[in-house]
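Chemist: Spelled out, the chains give:
Number of protein chains: 2
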Amino acid sequence: MKVRKHYFNGDSPENALQLDSGLPLSPIRIAYETIGSLNQEKDNAILICHAFSGDSHVAGLYEDDPDTERPGWWDFMVGPGKGIDTNHYFVICCNIPGSCMGSTGPSSINPKTGKPYGLSFPMITIGDMVKSQKLVLDHLGVKKLHSVIGGSVGGMQVLEWCVRYPELIRSAIPIATTMRHSALAIAFNEVARQAIMVDPHWNSGDYYQSQGPDLGLSVARMIGHVTYLSDEAMRRKFGRKRQDNKDFSFNFEANFQVESYLRYQGSKFAKRFDANSVLYITKAADYFDLADNSNTRESLQDLLGSHFRFLIISYTSDWLYPTYQAKELVQALKRTGQDVSFCEIEADCGHDAFLIPDKRLTKLIGGFLNGI
Amino acid sequence: MKVRKHYFNGDSPENALQLDSGLPLSPIRIAYETIGSLNQEKDNAILICHAFSGDSHVAGLYEDDPDTERPGWWDFMVGPGKGIDTNHYFVICCNIPGSCMGSTGPSSINPKTGKPYGLSFPMITIGDMVKSQKLVLDHLGVKKLHSVIGGSVGGMQVLEWCVRYPELIRSAIPIATTMRHSALAIAFNEVARQAIMVDPHWNSGDYYQSQGPDLGLSVARMIGHVTYLSDEAMRRKFGRKRQDNKDFSFNFEANFQVESYLRYQGSKFAKRFDANSVLYITKAADYFDLADNSNTRESLQDLLGSHFRFLIISYTSDWLYPTYQAKELVQALKRTGQDVSFCEIEADCGHDAFLIPDKRLTKLIGGFLNGI
Numbered sequence: 487m488k489v490r491k492h493y494f495n496g497d498s499p500e501n502a503l504q505l506d507s508g509l510p511l512s513p514i515r516i517a518y519e520t521i522g523s524l525n526q527e528k529d530n531a532i533l534i535c536h537a538f539s540g541d542s543h544v545a546g547l548y549e550d551d552p553d554t555e556r557p558g559w560w561d562f563m564v565g566p567g568k569g570i571d572t573n574h575y576f577v578i579c580c581n582i583p584g585s586c587m588g589s590t591g592p593s594s595i596n597p598k599t600g601k602p603y604g605l606s607f608p609m610i611t612i613g614d615m616v617k618s619q620k621l622v623l624d625h626l627g628v629k630k631l632h633s634v635i636g637g638s639v640g641g642m643q644v645l646e647w648c649v650r651y652p653e654l655i656r657s658a659i660p661i662a663t664t665m666r667h668s669a670l671a672i673a674f675n676e677v678a679r680q681a682i683m684v685d686p687h688w689n690s691g692d693y694y695q696s697q698g699p700d701l702g703l704s705v706a707r708m709i710g711h712v713t714y715l716s717d718e719a720m721r722r723k724f725g726r727k728r729q730d731n732k733d734f735s736f737n738f739e740a741n742f743q744v745e746s747y748l749r750y751q752g753s754k755f756a757k758r759f760d761a762n763s764v765l766y767i768t769k770a771a772d773y774f775d776l777a778d779n780s781n782t783r784e785s786l787q788d789l790l791g792s793h794f795r796f797l798i799i800s801y802t803s804d805w806l807y808p809t810y811q812a813k814e815l816v817q818a819l820k821r822t823g824q825d826v827s828f829c830e831i832e833a834d835c836g837h838d839a840f841l842i843p844d845k846r847l848t849k850l851i852g853g854f855l856n857g858i
Numbered sequence: 487m488k489v490r491k492h493y494f495n496g497d498s499p500e501n502a503l504q505l506d507s508g509l510p511l512s513p514i515r516i517a518y519e520t521i522g523s524l525n526q527e528k529d530n531a532i533l534i535c536h537a538f539s540g541d542s543h544v545a546g547l548y549e550d551d552p553d554t555e556r557p558g559w560w561d562f563m564v565g566p567g568k569g570i571d572t573n574h575y576f577v578i579c580c581n582i583p584g585s586c587m588g589s590t591g592p593s594s595i596n597p598k599t600g601k602p603y604g605l606s607f608p609m610i611t612i613g614d615m616v617k618s619q620k621l622v623l624d625h626l627g628v629k630k631l632h633s634v635i636g637g638s639v640g641g642m643q644v645l646e647w648c649v650r651y652p653e654l655i656r657s658a659i660p661i662a663t664t665m666r667h668s669a670l671a672i673a674f675n676e677v678a679r680q681a682i683m684v685d686p687h688w689n690s691g692d693y694y695q696s697q698g699p700d701l702g703l704s705v706a707r708m709i710g711h712v713t714y715l716s717d718e719a720m721r722r723k724f725g726r727k728r729q730d731n732k733d734f735s736f737n738f739e740a741n742f743q744v745e746s747y748l749r750y751q752g753s754k755f756a757k758r759f760d761a762n763s764v765l766y767i768t769k770a771a772d773y774f775d776l777a778d779n780s781n782t783r784e785s786l787q788d789l790l791g792s793h794f795r796f797l798i799i800s801y802t803s804d805w806l807y808p809t810y811q812a813k814e815l816v817q818a819l820k821r822t823g824q825d826v827s828f829c830e831i832e833a834d835c836g837h838d839a840f841l842i843p844d845k846r847l848t849k850l851i852g853g854f855l856n857g858i
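If you're matching them up, the sequences are chains W and X in order.
First residue of the first sequence: 487, per our numbering; consecutive thereafter.
First residue of the second sequence: 487, per our numbering; consecutive thereafter.
Heads up, none of these hints are tricks.
Label pairs and their calculated CB-CB ranges:
no., chain 1, residue 1, chain 2, residue 2, range
1, X, L509, W, K757, 33 to 41 Å
2, W, E832, X, P499, 57 to 65 Å
3, W, Q817, X, C829, 32 to 40 Å
Rather than coming from a laboratory, the hints here were simulated on the basis of the structure.
Note that the Cβ used here is the ideal one computed from N, Cα and C, for glycine as well.
Pulled out of the complex, with its shape left as it was, chain W reads as follows (with noise of 0.2 Å):
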């Protein structure tokens, strides 16, 4: 299956971004990626909201990549036949603002000084990037959402959805993910944000022109990447495993086989990522709580009214986003009148669960949205 890497550009002054932090942002552009076809009624759509450091690459493989052997980040559950079955569906993917894969975000051209954005680039909320996502349907002539589906801070665009656009939704899939970002997720996200700025490279976040703070962003992406992991994950693959089978070198390299795969994971991270857009995606989902009240911003009471079917997913080994704030959704969910079903899947890889293939996973989202 071959796709294309989309732009949706809006230049115009109309076509700003009212972002929620009372800034526009303009000029804006959108990575995304379809996969299928809108039917007639233009309301076969599924939006699926990527993580962190996702991509509109969804699924398939890019029809003009020379590196054709990278399949997107959810192949396995999108395409013909597939648990979103792209023979049915047309499948949506936009790269959030505040990334730097394709969307604006603080690695863009600031078009007021003709330099990277840096620090200049405004805040992004995960209603932002949710914003961002209703220009691409726009464009496109979508005019209902069969369902919105993602995991992690995909999960928290999902749910945000919902209470932003709930004429648009019939349907909606959060997985691994919360209603509110609760302290321990703040905190983490908080010494990954220090990594990178304690790095002297990093120089207040304008790098662009010189080197980054690549030391800095791979100690924040172990540090995440520990938290995406799992206790029994790790037992399982590393245990105290040495490298090479070697004995203690009685030094710092790298003697066990864990420190050596996160050594590795920082670095690759490094050389893809932009730290900036660390230090903005995090804050957006620190910022997150679908029940606050308080800067008069949709919430969970604006679902009053509504009614769509949720299926809510969260895995036993996840300790980013436990089940317990899985179960405190589904009964916040309910109060407002909501159809919702739940699912815990056992899984001992951790948070990162829902991007690893699992058939259970599959069916699960497949049955639910040919039910709906």
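Let chain W serve as the given structure and place chain X on it in line with the hints.
Modeler: Structure of chain X alone, referenced to chain W:
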């Protein structure tokens, strides 16, 4: 109760500490504190082993310290009439080598160069810590330990004492600890080490004549601090409370109380602790595996033939060394014929619970000690 900081000085070559890595450490200085009196039989001593960033100042107030408001780190537990009753027992607490709180460590002067060791300091193991404590006990004339007690990395020392010197011990109380460092625990330590080592001021450990890696050390402590708390404790203590009840600032200042708390803890730690000591002590913890015979070191099997009483304590919300790991330890010790009591204490405050005044812990330890 007034106490003093004492020093044991092993400055002759015969006094050198033969380290597990094969290298000698000489001269060696060990800071220690004693409370109470050694009896005529010299068998009423209790050795308390401190945790990662602790020191020899276990209880009371320093008689010559201008800052006399700072009681020892386990003051609620140790003293006349307390859980560890210094009317009956002669309490000893030694600062571990590799630390920076009075005992020889990477910030000490290397006699060969006249400059601080830095990374030329040899690697230390939990076994080396125990051997250094044995030097102090010999110096004090202690013939038998009524008990060895400690939490976290201190608990590892307790277990190591049992396999190194079983003939010297009557009982042992390992608290909130593990018989082998898990992949998850190694992972967090490795991220903390990397946070220090990527700070350019770390300078390969050679920073004692200039500015040190305070920012990297601060991030390392933030990571550690999160692992010492728990999801529940952080929800209760911080939740999503904002600094000064302010609205979101939409910038990267600390909006949430948990952010500002962690930043404070990080920078406070950087003022009092040596970054290289963090590297050495975390590595010692990572090496720790009581059941590992691969280096022909002492291990669990050396307990066969000995018989003493264990009180093993874990906490429900400790996710660094969870209760399942304490139960593994219980099983392993029972297989060697030991008399093991086990108690899981219900507490929501995470790994650090043993450092927080708690009458249940005091009674448990007091009762156990008096029953031997």
